[in-house]
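Line by line, the protein sequences are chains Z and W.
Residues 2 to 357 (the numbering used here) make up the first sequence, in order.
Residues 2 to 357 (the numbering used here) make up the second sequence, in order.
Hints listed in this document are in silico derivations from the structure and should not be mistaken for laboratory results.
It cannot be assumed that every hint is accurate.
Just so you have them, the derived chain Z footprint on chain W, three or more residues with Cβ under 8 Å [claimed, not checked]:
1) 112-126
2) 132-141
3) 277-289
We put the CB at the ideal spot given by N, CA and C, even for glycine.
Protein chains: 2
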Amino acid sequence: MENQKQQGENAGKSRILGKQSIGLTQPVYLVESASVVGKKEGEGPLGNLFDLVGEDDMFGCASWEDAESALQKKALGTALQKAGWKPQDVRFLFAGDLLGQEIATSFGLLSFEIPLFGLYGACSTCGLSLTLGSMAIAGGFAQKAACVTSSHFASAEKEFRFPLGYGNQRPLSATWTVTGSGAFLLSKEAQGGKKKARAAITGMTVGKIEDYGLKDSMNMGACMAPAAASTIEQHLKDFGRRPEDYDKIITGDLGKIGQTVLIDLLNRHDIDIAGQHMDCGIEIFDAGEQDTHAGGSGCGCSATVLSAYILKMLEDGVWKRVLFAPTGALLSKTSFNEGQNVPGICHALVLERQEG
Amino acid sequence: MENQKQQGENAGKSRILGKQSIGLTQPVYLVESASVVGKKEGEGPLGNLFDLVGEDDMFGCASWEDAESALQKKALGTALQKAGWKPQDVRFLFAGDLLGQEIATSFGLLSFEIPLFGLYGACSTCGLSLTLGSMAIAGGFAQKAACVTSSHFASAEKEFRFPLGYGNQRPLSATWTVTGSGAFLLSKEAQGGKKKARAAITGMTVGKIEDYGLKDSMNMGACMAPAAASTIEQHLKDFGRRPEDYDKIITGDLGKIGQTVLIDLLNRHDIDIAGQHMDCGIEIFDAGEQDTHAGGSGCGCSATVLSAYILKMLEDGVWKRVLFAPTGALLSKTSFNEGQNVPGICHALVLERQEG
Numbered sequence: 002m003e004n005q006k007q008q009g010e011n012a013g014k015s016r017i018l019g020k021q022s023i024g025l026t027q028p029v030y031l032v033e034s035a036s037v038v039g040k041k042e043g044e045g046p047l048g049n050l051f052d053l054v055g056e057d058d059m060f061g062c063a064s065w066e067d068a069e070s071a072l073q074k075k076a077l078g079t080a081l082q083k084a085g086w087k088p089q090d091v092r093f094l095f096a097g098d099l100l101g102q103e104i105a106t107s108f109g110l111l112s113f114e115i116p117l118f119g120l121y122g123a124c125s126t127c128g129l130s131l132t133l134g135s136m137a138i139a140g141g142f143a144q145k146a147a148c149v150t151s152s153h154f155a156s157a158e159k160e161f162r163f164p165l166g167y168g169n170q171r172p173l174s175a176t177w178t179v180t181g182s183g184a185f186l187l188s189k190e191a192q193g194g195k196k197k198a199r200a201a202i203t204g205m206t207v208g209k210i211e212d213y214g215l216k217d218s219m220n221m222g223a224c225m226a227p228a229a230a231s232t233i234e235q236h237l238k239d240f241g242r243r244p245e246d247y248d249k250i251i252t253g254d255l256g257k258i259g260q261t262v263l264i265d266l267l268n269r270h271d272i273d274i275a276g277q278h279m280d281c282g283i284e285i286f287d288a289g290e291q292d293t294h295a296g297g298s299g300c301g302c303s304a305t306v307l308s309a310y311i312l313k314m315l316e317d318g319v320w321k322r323v324l325f326a327p328t329g330a331l332l333s334k335t336s337f338n339e340g341q342n343v344p345g346i347c348h349a350l351v352l353e354r355q356e357g
Numbered sequence: 002m003e004n005q006k007q008q009g010e011n012a013g014k015s016r017i018l019g020k021q022s023i024g025l026t027q028p029v030y031l032v033e034s035a036s037v038v039g040k041k042e043g044e045g046p047l048g049n050l051f052d053l054v055g056e057d058d059m060f061g062c063a064s065w066e067d068a069e070s071a072l073q074k075k076a077l078g079t080a081l082q083k084a085g086w087k088p089q090d091v092r093f094l095f096a097g098d099l100l101g102q103e104i105a106t107s108f109g110l111l112s113f114e115i116p117l118f119g120l121y122g123a124c125s126t127c128g129l130s131l132t133l134g135s136m137a138i139a140g141g142f143a144q145k146a147a148c149v150t151s152s153h154f155a156s157a158e159k160e161f162r163f164p165l166g167y168g169n170q171r172p173l174s175a176t177w178t179v180t181g182s183g184a185f186l187l188s189k190e191a192q193g194g195k196k197k198a199r200a201a202i203t204g205m206t207v208g209k210i211e212d213y214g215l216k217d218s219m220n221m222g223a224c225m226a227p228a229a230a231s232t233i234e235q236h237l238k239d240f241g242r243r244p245e246d247y248d249k250i251i252t253g254d255l256g257k258i259g260q261t262v263l264i265d266l267l268n269r270h271d272i273d274i275a276g277q278h279m280d281c282g283i284e285i286f287d288a289g290e291q292d293t294h295a296g297g298s299g300c301g302c303s304a305t306v307l308s309a310y311i312l313k314m315l316e317d318g319v320w321k322r323v324l325f326a327p328t329g330a331l332l333s334k335t336s337f338n339e340g341q342n343v344p345g346i347c348h349a350l351v352l353e354r355q356e357g
């Protein structure tokens, strides 16, 4: 069994990096993607970059949860169409959302009939899904995989905070959950149907839960910043890199306050990412004009900005290599009401421009 | 880069089986495990096989959610202790539970400080976690990984059904959520510390969502049986096997009604598993004596029965090869209240006796 020997030799050599990371000597290709967003996101600074912008936030559905499912369905459908793939070409789906028991995912992706790995990483889910999808392909378990995540402003408010009709006032530290879904197609082959891949995934750093004792669910940026700091610091160590080795180090939805906390925390460990840091939540809205306070948030925030903006900047050659590090806040209405802290988690991926 | 070439050659050859399956030419070893259960489970037919049985179901905590976190912490701690592993030996954790936003997992596993992949597969999560954990190891991304899942009767009733104090009457088709957690340690090496591995994992079949239009959350067995039928049928096709190739084909928590539906559905496709089928939910309680109606359920049901009973039967040589196929019902309180169906999903693993 020569193959058996090869599997054994590969395992545990090249792919394990440092304490928390995976290095891919042979990259996994992010061949195509799609982003679908709501009206408010369409009116923001990145509005003209998204594949689809809804006329309202219901997407023809009767409930917010169904609307979020519709977002996922539309995002994956659009990505498949753009790549010229059929659902049956995709071996595994890696997907999740913010709702209890992941109902946006279950009902949104059911009709594709693709074997599904259900994930939960709060707003880090885009990173989580791309990490596991990349592992499935690099490990030789699939030729093609797809990763989907979503969030919806109204379903998230209902799930985590106050009834919309209550008209609760939001502190300036609060973020605004993005109504949107991003879908990503991964492949072992660089050619994704009609054209070259949007980016190459060359490494990942898997996050652990970080809990600094914060309890303020209206300041999620501060709750999640320690996780971002931990994963980014460990990433640089594991890969033996400096912040300057990246054109951008991109968090998902820390917002303005979380950004300050992240930069401060890393500064204390003599790591300066001020020149490289970008946050999807800060980019997606014009906080002043759109009254979104600290910025956008939700699984859909990092996912849609990755698809619409980050991958475009890599394709256009403006950036060569970025670290994509979305964070998630690990709370539920129940844990919050029972007085628990709000710990965070952050999963990071290295995305590189695919030349040629 | 010779290594690069090897990675490329392996990928997509030996590991992709049929439509939904993964074959491992080099097995992943389930080296050790632990099970922690509540009082009622301790009084059931498998009571003396569990590692730890709680005196009550609070496990020294102030809330049911905290108690469920304590179950996970105790289960993983016990498994590590039995294997003589330290938390830092474990590269990745694969874990999930039934609660909204997976709070039992987040707060239960935080203190181990192990990089975490958060999963949601409802009561199929034990199969989901073992599948992804095995892929991480077989793919060469980790030498050691751990998989943890849990459920708690009281936190699940609160999450999905009625307040316990309401004293709601349960139909005979209802199942009783198991209070318990199972933790499993996976390794690339057959030797798991002190002794030989409990079992070898040699293949997996990843499930897709199956929706037959059922809406009765008090008859979860019937809701999930189509998913079990689909995954088991596809598994047999993908591996070119018959039911007789397994000593047992084991579902997680279909209960008595779900068992009947499963056997019927497969019979219609000329597959007879009546002689091999076993359901963890039927085994864990004495339904007549313990008033648990159709049987036990919950992520903790299949996980604790796998650890305490199934692995023991493999170790004792009573069984040589089993198919472990836990199912999950993909609903939330919200989806149920909005009139959605209750689809199901089922992930299956091949577990073999480790000789020697």
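Quiz prompt | Cβ contact check, 8 Å cutoff: the segment 132-141 of chain W against chain Z, three residues minimum | solution = Three-residue rule met by the segment 132-141 of chain W, so holds; n is 8.
Quiz item: Three or more residues of the segment 112-126 of chain W near chain Z by CB distance under 8 Å?
Solution: Per the Cβ count (10), the hint holds.
Self-check item: 8 Å C-beta test of the segment 277-289 of chain W against chain Z, three or more residues
Solution: n = 0 at 8 Å, threshold three: violated.
Hint check: a violation occurs at hint 3 only; the rest are consistent with the structure.
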